[in-house]
Structure formats: C-alpha cells, structure tokens
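Number of protein chains: 4
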Amino acid sequence: MKSPPLRLVNVTSYRVIYGDTDQMGVVYYANYLRWFERGRSELLRQIGLPYPIIEQQGFHFPVVQVACRYTQSARYDEVIQIETELVEMGRASLSFRYRIWREADRCALAEGTTEHACTDHSGRVTRMPKILLDALAAALILRMPRCSTQNLDRRGNFFASFAIALNLKPPL
Amino acid sequence: MKSPPLRLVNVTSYRVIYGDTDQMGVVYYANYLRWFERGRSELLRQIGLPYPIIEQQGFHFPVVQVACRYTQSARYDEVIQIETELVEMGRASLSFRYRIWREADRCALAEGTTEHACTDHSGRVTRMPKILLDALAAALILRMPRCSTQNLDRRGNFFASFAIALNLKPPL
Amino acid sequence: MKSPPLRLVNVTSYRVIYGDTDQMGVVYYANYLRWFERGRSELLRQIGLPYPIIEQQGFHFPVVQVACRYTQSARYDEVIQIETELVEMGRASLSFRYRIWREADRCALAEGTTEHACTDHSGRVTRMPKILLDALAAALILRMPRCSTQNLDRRGNFFASFAIALNLKPPL
Amino acid sequence: MKSPPLRLVNVTSYRVIYGDTDQMGVVYYANYLRWFERGRSELLRQIGLPYPIIEQQGFHFPVVQVACRYTQSARYDEVIQIETELVEMGRASLSFRYRIWREADRCALAEGTTEHACTDHSGRVTRMPKILLDALAAALILRMPRCSTQNLDRRGNFFASFAIALNLKPPL
Chain H
1 MKSPPLRLVN VTSYRVIYGD TDQMGVVYYA NYLRWFERGR SELLRQIGLP YPIIEQQGFH
61 FPVVQVACRY TQSARYDEVI QIETELVEMG RASLSFRYRI WREADRCALA EGTTEHACTD
121 HSGRVTRMPK ILLDALAAAL ILRMPRCSTQ NLDRRGNFFA SFAIALNLKP PL
Chain L
1 MKSPPLRLVN VTSYRVIYGD TDQMGVVYYA NYLRWFERGR SELLRQIGLP YPIIEQQGFH
61 FPVVQVACRY TQSARYDEVI QIETELVEMG RASLSFRYRI WREADRCALA EGTTEHACTD
121 HSGRVTRMPK ILLDALAAAL ILRMPRCSTQ NLDRRGNFFA SFAIALNLKP PL
Chain W
1 MKSPPLRLVN VTSYRVIYGD TDQMGVVYYA NYLRWFERGR SELLRQIGLP YPIIEQQGFH
61 FPVVQVACRY TQSARYDEVI QIETELVEMG RASLSFRYRI WREADRCALA EGTTEHACTD
121 HSGRVTRMPK ILLDALAAAL ILRMPRCSTQ NLDRRGNFFA SFAIALNLKP PL
Chain G
1 MKSPPLRLVN VTSYRVIYGD TDQMGVVYYA NYLRWFERGR SELLRQIGLP YPIIEQQGFH
61 FPVVQVACRY TQSARYDEVI QIETELVEMG RASLSFRYRI WREADRCALA EGTTEHACTD
121 HSGRVTRMPK ILLDALAAAL ILRMPRCSTQ NLDRRGNFFA SFAIALNLKP PL
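Residue numbers (the working numbering), protein chains in the order written: chain H, 1 to 172; chain L, 1 to 172; chain W, 1 to 172; chain G, 1 to 172.
No wet-lab data here; the hints were simulated from the structure.
We put the beta carbon where it would ideally sit given N, CA and C, even for glycine.
Keep in mind that a hint or two might mislead.
[What the hints assert, rightly or not] Listed next, with one range per pair, are the computed distances between beta-carbon atoms:
(1) Arg7(G) to Val125(L): 53 to 61 Å
(2) Arg124(W) to Pro50(L): 25 to 33 Å
(3) Ile141(W) to Val11(H): 34 to 42 Å
(4) Ile131(H) to Val125(W): 55 to 63 Å
(5) Gln72(G) to Gly123(H): 42 to 50 Å
(6) Gln72(G) to Thr71(L): 40 to 48 Å
[What the hints assert, rightly or not] Residues from chain G that face chain W, not an exhaustive set, calculated with beta carbons under 8 Å:
(7) Met24
(8) Ala30
(9) His60
(10) Gln65
(11) Cys68
[To be verified] These stretches of chain G come out as covered by chain L in the derived footprint (C-beta under 8 Å, 3 or more residues):
(12) 11-20
(13) 32-38
(14) 48-57
Here chain H stands alone, though its shape is the one from the complex (with noise of 0.2 Å):
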C-alpha cells in the first residue's frame, strides 16, 4: 500500500488593510503576491531556517514565475488564511503552491504558484544552499519518525525531487 505523499505546508493569516483595497472595494489583485512571499517567508521559519539566515549566507531566491487564480474577493477588514506548500524542488530551483481563503467562512479566495530560481549574490543561478536541504531534510524526518530510510524515495513528488537535489540515489 502507498503512504501518501509528504507534504511541507504553513498556514498564517493576515488582516486585511484599508491600503491593501481598490476603489472596486475589493483587495487590489497585486496585493495576493505579497500574500504568497508573507507564506513561503512563514513556511521556511516553520522549518528553523528564517529567509533573512539563507541571504545571509549569501544565497536569494528569486521569483521566475508567478501564477495566481481569483475567485472570491477579498475585503476590507476580513482576516484571510494563506497555505503555502513547497511542491518542487530541484538543483537550482523551487515552487510554492498557495490556497488563500477567508478565515470567517473558509470561502476559497485565490490559489497560485511561484517558480524560483536560486541564486548567490552576483545574481548567478547556483544549487541550492546546503543549510536548506538540512533543514528541509530534518523537518520532513521529524514527520516520519517511524519510516525506514528505504520508504523515504516512496513517498510522492516532493521527496523525488527533494531527493535528486540532495543528488541522492535510492535506497537513500
């Protein structure tokens, strides 16, 4: 039988500010974005490495691609959810999925996506920082501490790519 995938997720939340609305009276649609940085910034304090520690170390991860999905509109004052899950990874890249809704009702608001390069300081795409996969490594075992290593390349997507950037071969 197959265990589901692993799955690296963060939940936060956000109230909506009257500077964050349009004249529609609804959140300016630009404003998701820095909802999704305000996720994956959370999801990567999740797993005790803060984004300011990995720049520190002189590494950045830019944005490549962004795609985002509007059903519902945000409002004034409402208090909004936002699930950030890292869904891809590989050598020198990775992606975020985000599901944004309001926390009153649970009412789906966006979804989207972001793509990211990494890269060091002069702006050159690199691999991936160690200190990253470490910390990525240590949140996803805490989760499993049952599991053999061998059940680990069995366990969905994230962790084949996760593994490939590790550039690990199986059984790990």
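We have chain H; now place chains L, W and G onto it with these hints.
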C-alpha cells in the same frame, strides 16, 4: 495570401521609483502587476474609452487570472516600457498579454497575461458593454480603411473572437 | 490629587515582509503609514466598533494630515509593534498618535500623528457618528468603574475634548 | 532693491492607476509619499545628478521626517503634477517641499515636506557629497549669469544655508 492578424497594441513607459524596489536591489515582483494594469488602462484610453467611462456605465473588468514570467530585473530609476495587447475577447471576458522591457537597451524583463471577467456593479458576470465593442470596432476599422468587410473575418484570432463577441455572422 | 489622564491605547504587531523593503535594505518610508492605518483600525476594533461598521453607517474618516519622524530603520522579517493612541476628538475630527518599535529589543523606530475629518458618503464634513461616541464612552467607563461622573472632566485632555464633542456639560 | 530668492524647483507628472486607490474611491494616503519621492528624484535628475549616481558614490539620503496635508482627493486615471523644491540644506541634511495638484483644473490636492539625513553606506551621518554641491552650484549659476558673486548671499534662505554647507565665507 493571408493578411497578418490585426493587433491592438499599446506601448507606454514608466520610470521606476525607489519605492518599487526591494532589498534585493530590484523591483519587487508584485509591482509588475501594477505595470500590467497601467498598460491595459492606456490601451483603453488609446481606443478612446478610458476605463473610468466603462465604470461610469456600470461595468467592471476584475482580474480572474494573472501570470508573469520574469527574465531580467528592473532596477531603480530605469525607464521601462510596457507593451499591452488585447488578445482574446469573449461574450463576458477579455485577455491581455504584456511585455515589459528596459527602454535603454530594449532588454526583455518580463512578460505576462491577465484574464478578466466583465461584471456589473453587483459583481455579476455580464456581457461586454456595447460602448467597448463599438470603440474596438472603430479602432480596428480606422487601421484598415481600404479593406472590405468581407476580409475582416480572415484577419486572425483577435478579430474572430471579437466578431463572436459582437454576435456577428460573416460576411459582416 | 489629580488623576492621570485617561488614555485610549492599542498595541498590535506586524511582521515585515520583503515587499515592504526598498533597495536601501530597510522598510520604505511610505509603508509606515500603512502601519499607522493598521494601528487605528485595531484601536477601533478594541472599543467594539470596527471601521467597516462605521462605513456601513455612512461615515468616513479621511486623513487630512499626517506626520512621521523616523529614528531607526525597520528591516525585513522583524516583528514591529504599533502603539496607537486616540489623542484628540472634536465635533467633526479626530487625531491619533503612533509609536512604532521593534519587538525584539523594543528599539523605537518611528512616531507620528494623523488627523482625520469625519465625512459622510458624499465627502461632506459632518459630526462624529453617535455610535463612535457611545463606543468611546463605554470603553472609558469600563476602565474607571468606581469614579463618579464628577471626576470625569478632570481626567485630562482626551476626556475634555471628548466631552466637548459629546456636547456635555460637567457634571455629566 | 532685494532680489527674489533663488528657487530650485522641478515639476513632473504622474497618471494615477487603479492600484493607487482604496475603497473610498480615492488615492490611498500613503501613496502621496511615493509621489514625493518621484518628485525629488526628478529634481536631482534635473540638476544633472540622478540619485543612482549619488548612491554609487556611497551616499544615501534617508528620510528622517515627513509631513503631508491633504486638501482634495486624487482619483483614478487623473494626471497629477508634483512640484518639488529644495528648501533647506545643511552640512549633513536637506529638505524638500512638495505641492501636488490635479493637472486638469490645477486644483491643489496636497502639500508636504521631507527632511533627509546624508549618510554613508554604513548608515552613519556624513557631510553632503561634493558632487551634489557642485551640481547645485552649477544649476544655480546657470540661472543667474549676470549676477556678481557679491549678490549671491543676499538671495534668501536657500542660498544662505547652501553657502554654509559649502563652507563658503561671504563675499564668495
């Protein structure tokens, strides 16, 4: 011999301010969506129908989907150019494509698309306002003064979907 | 012996995102005004009268003046705290004072003020809505259960102007 | 007879986008500070010294104080004009005054001031860079070709503090 498809395109420029940048020293990724909005706003003005007029008539074009691919970074004080093209038009929707480049060396920075619904004041999806269809028709006819109406429907995707939106049957 | 003046104060916190920063590596100066807005919004919620309720009743509090003094820079990923105090209230105006500090070391970052008019939907200046006066009175009385009404007008500037706004004559 | 004081002024224009507005249907108050920044950036370009050059030389002019008074609301799609004037200059500081008006009817919308420190890359307050003083001197001299240097110090506040910054002793 087939005519090249008709295109409805606007190019406008913008000077990057400090407030558009982030601590990576480049323009923050969400701000490109502000430029997309500036671009489509100028395209509507170009066809003689500024968006405030559309809103005064009780219509809105909320964004239902956006995508952007970033290739190079825009930087503080650079002049960027925003090319906007109307690429799709349905009974109650329209889509724009955008290309952003740096004016100085015409280096491509980003490209993207937005899809919009057409809604009334209450947010209900509704048919495109006739004033927009008329303005588009006028803009297109101005640009092909000698062609017969019979040729119009051979002029590529834009016109085809435009004609459908107008509920026209070829020959016009 | 004189009582200390009554103060109506809210403290709320905010995590700085990348999008708040500029290429100097610190929060862009205009974004502090977003924090001021967040602060006064929370103060109104604290007294049981969120700003959306005020707007639903047909009132707005547009900013007519703002000032901010910056002493230290807020930086990416820091948690800042926003202290908001209602400091003046007239028949058709109110003012808030703000102090921003970094949560980690309580270092003062900025302080400022905003002055607001009270207007109706058409933008005309109008008297403060009664629901706000009632909410303020309730908030203040809750905090001084044993004092007689006779003492109220000795409690400093806020109450004095509050009383004037209410058109009250001491003793209440 | 006293000469009118020398003034260093720039006027630039900006088209309001949807993203600048809020749900009150007018431009969000923090965005006027973005316009102030645009104005002073254009003033520096006008004297031949764009701010990126100043930063490349290792200097920054962080805002230490801002004030803005709002009289009328800017609205979506309006063209506004930003008048920026350099009003004070000290050894390690400078101040600008701004006036914003609507282009269509020249209706005054807002006015404000910013005060800036001059710092080096590490954030330490430092003397104004010589390149700025030279650029200012050139800009001023161009505009009064026939006046003797002896008259310069009678030309009002700006020049007086400018002269002090230059460490000049009258007569020049």
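Status of each hint after checking the structure:
no., hint, in the structure
1, Arg7(G) to Val125(L): 53 to 61 Å, "54 Å, holds"
2, Arg124(W) to Pro50(L): 25 to 33 Å, "27 Å, holds"
3, Ile141(W) to Val11(H): 34 to 42 Å, "39 Å, holds"
4, Ile131(H) to Val125(W): 55 to 63 Å, "57 Å, holds"
5, Gln72(G) to Gly123(H): 42 to 50 Å, "44 Å, holds"
6, Gln72(G) to Thr71(L): 40 to 48 Å, "41 Å, holds"
7, Met24, "6 Å, holds"
8, Ala30, "4 Å, holds"
9, His60, "6 Å, holds"
10, Gln65, "5 Å, holds"
11, Cys68, "5 Å, holds"
12, 11-20, "holds (count 4)"
13, 32-38, "holds (count 4)"
14, 48-57, "holds (count 3)"
The earlier numbered hints are all upheld by this structure, with none contradicted.
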